[in-house]
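Engineer: Following the hints, complete the assembly by docking chain B onto the known chain A.
Protein chains: 2
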Amino acid sequence: MVTWNNLDTLASYKELQAVEQVNLAEAMSGENGAERVKKYSVPMAEGLAYNYGAKQVDDNILNVLAKLAEEAQLTEKYEALYNGEMINTGEKRLVLHQLTRGQLGEPVVADGVDKRAFYVEQQTKIAEFANKVHAGEITNAAGEKFTTVVQIGIGGSDLGPRAIYIALENWAKVNDTLKMKAEFISNVDPDDASGVLSKIDVAHSIFVLVSKSGTTLETLTNESFVKDALEKAGLDPSKHMIAVTSETSPLAKSDDYLAAFFMDDYIGGRYSSSSAVGGAVLSLAFGPEVFAQFLAGAAAEDELAKEKDLLKNPAMLDALIGVYERNVLGYPDTAVLPYSQALSRFPAHLQQLDMESNGKSVNRFGEPVNYPTGPVIFGEPGTNGQHSFYQLLHQGTDIVPLQFVGFKNNQMEQDVVIQGSTSQQKLCANVAAQIVAFACGKDDENRNKKFEGGRPSSIIIGEKLTPEALGALLSHFENKVMFQGFVWNLNSFDQEGVQLGKVLAKRVLAHETDGALKVYSDLLNI
Amino acid sequence: MVTWNNLDTLASYKELQAVEQVNLAEAMSGENGAERVKKYSVPMAEGLAYNYGAKQVDDNILNVLAKLAEEAQLTEKYEALYNGEMINTGEKRLVLHQLTRGQLGEPVVADGVDKRAFYVEQQTKIAEFANKVHAGEITNAAGEKFTTVVQIGIGGSDLGPRAIYIALENWAKVNDTLKMKAEFISNVDPDDASGVLSKIDVAHSIFVLVSKSGTTLETLTNESFVKDALEKAGLDPSKHMIAVTSETSPLAKSDDYLAAFFMDDYIGGRYSSSSAVGGAVLSLAFGPEVFAQFLAGAAAEDELAKEKDLLKNPAMLDALIGVYERNVLGYPDTAVLPYSQALSRFPAHLQQLDMESNGKSVNRFGEPVNYPTGPVIFGEPGTNGQHSFYQLLHQGTDIVPLQFVGFKNNQMEQDVVIQGSTSQQKLCANVAAQIVAFACGKDDENRNKKFEGGRPSSIIIGEKLTPEALGALLSHFENKVMFQGFVWNLNSFDQEGVQLGKVLAKRVLAHETDGALKVYSDLLNI
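Order-wise, the sequence lines are chains A and B. So the first sequence is residues 27 to 552, counted in the working numbering. So the second sequence is residues 27 to 552, counted in the working numbering.
Hints should not be assumed to be uniformly reliable.
Since the list gives no way to pick one copy over another, a pair counts as held whenever it fits inside one copy or between any two copies.
[To be verified] Derived pair list, reagent style DMTMM-like, types lysine to aspartate or glutamate, alpha-carbon separation capped at 20 angstroms:
no. : residue 1 : residue 2
1   : Lys258    : Asp282
2   : Lys207    : Asp227
3   : Lys544    : Glu57
4   : Lys65     : Asp85
5   : Lys225    : Glu195
6   : Lys253    : Glu439
7   : Lys544    : Glu61
8   : Lys171    : Asp262
9   : Lys103    : Asp34
10  : Lys532    : Asp469
11  : Lys528    : Glu117
12  : Lys490    : Asp548
13  : Lys468    : Asp540
14  : Lys265    : Asp281
15  : Lys476    : Glu117
16  : Lys158    : Glu147
17  : Lys528    : Asp470
18  : Lys468    : Glu478
19  : Lys225    : Asp202
20  : Lys475    : Glu393
21  : Lys475    : Glu117
22  : Lys199    : Glu315
23  : Lys532    : Asp548
Simulated from the structure, these hints should not be mistaken for laboratory data.
This is chain A alone, in the form it adopts within the complex:
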């Protein structure tokens, strides 16, 4: 039986505040630094490893973090979650996204259905559908093959699938599994849909409409926009569209779609990449086998998150070091910096995952908490970021903890040797150099050229960004965010903070405004 307590009521948290802090620049210098980097590493699934040598922790702090993990019952809460307890208390829902990629515990039966079987069934149906599209058994009205798949969705129905598509597009090209090109329409800005439609061949495109409720304003608007375009092109929209939605949604049993695939209320939008929300577009783009590899990587990483020993559980460790940085060291932000152009939109996905889950001020019982919760998350791929915002990270007045990701090998086959090294080696040399520059700094008589150091970072290192590795990476961050939510005693699975804006926007459109809202509406010509 788990109990839910605020972080500031835990004895181990008080201990954590009192334990001596690490001088990172000192700790990371010389052979001591080398030993730290060798020792402070924990294997992840699919050949990845989480290295926290350059984090502002030591054995004493890790020891207290382990006590905190135990006192906050983190693995027990995870177990409760995957065994089907109602963890999303605000919306009175189970939290089952891990079940879309594996059976972690006991069978979970809800609404009279074995949920694992349900998710597998949906993936199987998607796989069959995708295979038929690729084989030319499902075609457009003229009997021609579809070449492009366009996802229409926003938030969790967009950022995760889009980041994953971009991450694997080049990998799929060289591995000959790029079956269809994917595009994404998300914004209610009409130029988003127009822009995408202007560059695709609509007659050979299949559109995936993704909305759990079937009521998302942006998505339904863009659906109409696309249907309009299809009709103007003399095409029958119902032959070009599939739906991913919940079984109870108005989209579920409509003749407007070639097919419908299902998710349910137990999969939050930002956690839905491994459900049908990601499954449909990614199986169409890369083939169902690639999507299955991605799921296998996520499932393997989910298994590791069960480990009770903090030093063997990378997601829990990452989570607790993050809590230490946020609540004891007082750092308000975290930057995610993948040294991989393929991961260019992965930070944007993590931004939603993290900030929408834990950007909250009340605990799971609706009581205000007296400590900082989720940080601001931002990031861009390296080495690009080095030539952009790293100036502030190195020499700014605030310290920003950093989360690097790097791979020993690139995805595509091309590389060149220039000045004695390949581009991939240059890329890796840069991330290694940055970690040490941030941690150790460098003295200089000219204060403008001095680096204080003491800026903590971790790095996840992998062999190559494959579908399996990407799945493991996604699971790592999902579980990190989940564990942090447990520590902060939040409900990480609702998002009441997005409601007020929706209500007011409806009021503007109905011209039922007064005060400041009316003036803004007038200024914007609505």
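Structural biologist: Frame of chain A; chain B shown alone:
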């Protein structure tokens, strides 16, 4: 004669700390709120307006900010800058990016040359070159027209031009001025170049190599990468490549390029979009006339920044309100949220512009400062962000000041009416609603559904995102960052914080490492 002083030595700053703070939720409610929104607005160039009704200021605070502007001699320092004083003292350079789009003051002669004439000459040469390419007078070896332009550059040679290209691509499509498609290669990750090369027709592509020094590692590496690909395709690289560089760079007089266009040391990378760095790729993509319209918008906005009356100078006002938020209210981040899909990469450009300029801990004399300087900048377009990280912005434990941008009209011609409103109306209704939701909040018995409000924002409102409006927008933020640097007494025009990483990366590639750096290098297989 201007004098340079730290912010915390100024009498008006002490006064600012003492002045009564605004309860924003209260101030923005009812008719008082409506009055604020009407009153707190200042016209910008090209029909834009900066509205700060929802910022946490009132007449008293604005009055002290005006004193601060005067005491810190902000407009005098701007005047010194555009009249050619050596403002970038660290690198001993003038700061002349405004001169690339207009003559703001006296002629500036440096290195024996009238610099305005020099920049105009370069734009003229670029225009002639672009016109010849478009007319088919400059072609590939087979005499065929070039259809694609690929910028090879990183940081300031990438983010600004890329953001501007994306911002105007759809506008150019409907206005029939999209002459060539543009692509961008930046990252040293070999998959970046491979990915771009795999999707373009290299035989009909012209590559713009952009490096001021001619020594940027990533850019030279990617140049070799591209040359390799051209040669493998049986093409002569020198017939497919132009250079944008300084006259003293090794690239300036090389036979490797069809043509070379020049910038100089007085244009910082992140301020170079209006120089040849942006000029070449954008003139090729959209035609020189469109680039000239963009410059005209920037020049008009630059003129407004001369205004000594704070309430009539949008860039200075935006800057000072930002300083108030950072140094008095203590907010560490700022989010940039354009309600325009075309501006999807504009926040990434502003992230560099701001964080690389003012992410510093020492003043312009190399002495440590005792107050926070540049904030972390991040953002994504709305409405997408609403379905992502807005949860934290509304209900998180930290307050993040917000910078909205919105336009009354969309760029492309398509729109649809659904449920009584167009997509563009829905987009605008959402930004209006968000501003009020953030400022006013909403009470609720269920604390989880309660919004505290008090979250400050401004909005720049325009008619339509045209080249002129985009130029004005860019100038606004460049000048905002410049004024903030003046207030914080920083040199906003150097970037010493990027050096250490470069030095260490070279050491890694030369295998001259020890300690932690050696272990990381081993872990990454370098």
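Engineer: Tell me, in ascending order, the numbers of any earlier hints that this structure violates.
Structural biologist: Every hint satisfied by this model.
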